[in-house]
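Once you have looked at the hints, place chain B on chain A.
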Amino acid sequence: MDITFKDVSYIYQKNTPFAHKALDRISFHIPSGSFVAIIGHTGSGKSTLIQHLNGLITPSEGEVLIGDVRITNREKPKDMKTLRSQVGVVFQYPEHQLFEETIEKDIAFGPQNFGISEEETNERIKEVLPMVGLSEALLGRSPFDLSGGQMRRVAIAGVLAVKPRVLVLDEPTAGLDPRGQQEIMDMFYQLHQKEQLTTVLVTHSMEDAMKYADHILILNKGKIYMEGRPEDVFTEVEALNKVQLDTPEIIQFMNKFSKRFNMKIPFQRQTPKQLAKQMYHLFKGDERT
Amino acid sequence: MENKLIEFRNVSFRYTDEQPWVLKDCSFTIYENEWVAIIGHNGSGKSTIAKLMNGLIFPQKGEILIGDKIIDEQTVWEIRREVGMVFQNPDNQFVGTTVQDDVAFGMENRGFPREEMIRLIDESLSAVGMEKYRLTEPYRLSGGQKQRVAIAGVLAISPKVLILDEATSMLDPKGRLEIMETVAHIQTERDLSLITITHDLNEVTQADRVIVMNRGELWKEGTPREIFTEKASLRQIGLDVPFSSTLAEELRRYHIPIEKEPLNHEELLEELWTLHSKM
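Keeping their order, the protein sequence lines are chains A and B.
Going by the numbering used here, the residue at position 119 of the first sequence is 119; the numbering climbs one at a time, nothing skipped.
Going by the numbering used here, the residue at position 131 of the second sequence is 131; the numbering climbs one at a time, nothing skipped.
Chain A extracted, bound-state conformation (with noise of 0.2 Å):
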């Protein structure tokens, strides 16, 4: 589904001694299909931004489009519930959520809640457990009988099983052991490409905003402060300084690489083998001149 934001403002608090704009005449689109990665500072507006895509809340000033679902501060869809059951939100630390007496209960509670039947719901659960790296066996536990990292699977799962169109991943690795961050983004950039799904990830992970999303918004103090493909806003380190916020590291070792060597290597997303390959080259080249 389409994502348009259209001059979008939202204040909290308004009309008080309080107000607060969080976001300010922001406008963005992204493209059915695309994985965009938000990248900001505690503050810069990326958790108000991501609660207008299932209509949490709603923008002060300007329009939203999810799809052909159009939110503004006087038109609030008819049919709320749908949008909802197609974007799905992981939010920041989702273990939080978690309720119910068993496993199984909790992650049929969301596709219950939007109306799908037992039988199609309990299919849903066995066809996401293996995704997300859980056993059947362990259905019939309590979910407060797992390690949070399992935990998190859990409730991972029960977003997932509403299938949703879209995703948003609001840190979703925070917390996790390097294996268990590399297992889970792994998994979501799988589910995205085989059911094309629009996915926007919240992230302070400069590394994972490049390794997996297709376009990237920076957000400060509530506005755009750049936009476009990674390997475009990663290389205005300058740019990204101001704002105290780093490159990717292999982009940092590539630049201090080219000023100690005198040899420039373009950035093109490599990998750090496929950047030893090139260095290797470049050093054989001018052992030979």
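Check the hints yourself; a few may be wrong.
[Stated by the list, open to error] Here are some, though not all, of the chain A residues that point toward chain B, as calculated from beta-carbon distances under 10 Å: (1) Gly-43; (2) Gln-92; (3) Ser-117; (4) Thr-121; (5) Asn-122; (6) Ala-174; (7) Gly-175; (8) Lys-221; (9) Lys-256; (10) Gln-268; (11) Pro-272; (12) Leu-275; (13) Ala-276; (14) Met-279; (15) Lys-284.
If you are wondering where the hints come from, they were derived from the structure by calculation, not from laboratory data.
Built from N, CA and C at the ideal position, the CB exists for glycine as well.
Below, chain B alone, put in the same frame as chain A:
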């Protein structure tokens, strides 16, 4: 780094009799004034170690010494003055209505005289670079600033060791940097051991020593350089190595003989420079 500060002697712990052991026969020592990073997969027992050091929980087997005192119900109050802890969530540990009230909380609990409290509030807030925020209300602070105030509150009671239990994991990159700079600064200024429990590999490279936990057991101890040399086995237990180390590994595959395990970009560039000038 000679004097022992914390010693775990064959410590095992489980939450209830029915549950599996979260910590199995762990023995290690933390020395005075050193910085130790504890790493391990989720559920490997890292946070359990932190809670045991502070007497929030007690081991079923083995014993834990702080200095020459064994932690038990009698010594625990004394020990908590020596072992300060900062936790993960900046919003769950702010108790005061202003920054200075929050820093004062620990001292009030321990009945510090007023004059001393005033002096220590000044001292510890400037140690974390928050002296300008003395009267600020917590909701006006960023996550990184809240964690710095939490550190100040711990420093005010002059502990011998400061434990940061994933204290940067909920912060944005700016907040993380603030905390790591603060901590490095404090460690040069004071006599203090530091224990950081973290998944952030670049934080680990700054420590003097690393303890790696795996499934409740102490898997390996060593300097960051020694630990990050063991890439394959680290990955096997769900961990990873920093970027410089990964790139060095890839370069070696192309027969670029990087000998010393690089902990940061500068070390790797330096070694490449030396190799390159010999080519």
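Now the hints, each set against the structure:
no.: 1; hint: Gly-43; verdict: 7 Å, holds
no.: 2; hint: Gln-92; verdict: 8 Å, holds
no.: 3; hint: Ser-117; verdict: 35 Å, violated
no.: 4; hint: Thr-121; verdict: 29 Å, violated
no.: 5; hint: Asn-122; verdict: 29 Å, violated
no.: 6; hint: Ala-174; verdict: 6 Å, holds
no.: 7; hint: Gly-175; verdict: 5 Å, holds
no.: 8; hint: Lys-221; verdict: 13 Å, violated
no.: 9; hint: Lys-256; verdict: 5 Å, holds
no.: 10; hint: Gln-268; verdict: 16 Å, violated
no.: 11; hint: Pro-272; verdict: 5 Å, holds
no.: 12; hint: Leu-275; verdict: 7 Å, holds
no.: 13; hint: Ala-276; verdict: 3 Å, holds
no.: 14; hint: Met-279; verdict: 7 Å, holds
no.: 15; hint: Lys-284; verdict: 9 Å, holds
The structure is inconsistent with the numbered hints 3, 4, 5, 8 and 10, although it conforms to all the rest.
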